[in-house]
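**Student:** Sequence:
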Amino acid sequence: MSSFHVLLVGIGGFFGAISRLWVSQFISKRFVSGFPAATLIINLMGSLLLGIMVGSGIKGSLFMLLGTGFMGAFTTFSTFKLEAIQLQFDKRKKDFILYNILGYGGGILLAFLGIELGSLFR
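Position one of the sequence shown corresponds to residue 1 (the working numbering), numbered consecutively onward.
Just to be clear, a hint being listed does not mean it is correct.
[Unchecked claim] When the alpha-carbon atoms are kept at most 20 angstroms apart in a straight line, the in silico SDA-like pairs for lysine to any residue are as follows: (1) K94 / A38; (2) K94 / G106; (3) K59 / A73; (4) K94 / Y104.
Quick caveat, the hints were computed from the structure, so don't treat them as lab data.
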């Protein structure tokens, strides 16, 4: 990987992290509950958007910027796992199951949908 690609990933990551913060705050203000809706919605959005990028055939430097950098920082697997564990520790079994089914199953389905939608832009 070249220095240019490292720079692209860094720039994309910078804007992805800021976007995640904004979207998370926006969602958290509207869905006030103990359920981690913000992380779930962001990760589902990210699955769809990354699928669209892959399906549309974005490659090379543009994918490094948007796919690896932006989407890598916008979505968050680590926070998803931590929040799932917190639901389990809090003995919120239904929320734990729902969160995992929606997070994993929904993410996979939305990625497939994104790839199909993205292929329309080829």
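**Student:** Check the hint pairing K59 with A73 against an upper bound of 20 angstroms on the C-alpha distance.
**Tutor:** This hinted pair holds, its Cα atoms lying about 18 angstroms apart.
**Student:** Has the given pair, K94 with Y104, been kept, meaning a C-alpha gap of at most 20 angstroms?
**Tutor:** holds (15 angstroms)
**Student:** Given the hinted pair K94 and A38, is their Cα-Cα distance within 20 angstroms?
**Tutor:** holds (18 angstroms)
**Student:** Would you check the hint for K94 and G106, treating anything up to 20 angstroms between C-alpha atoms as holding?
**Tutor:** holds (17 angstroms)
In this structure, none of the earlier numbered hints is contradicted; all agree with it.
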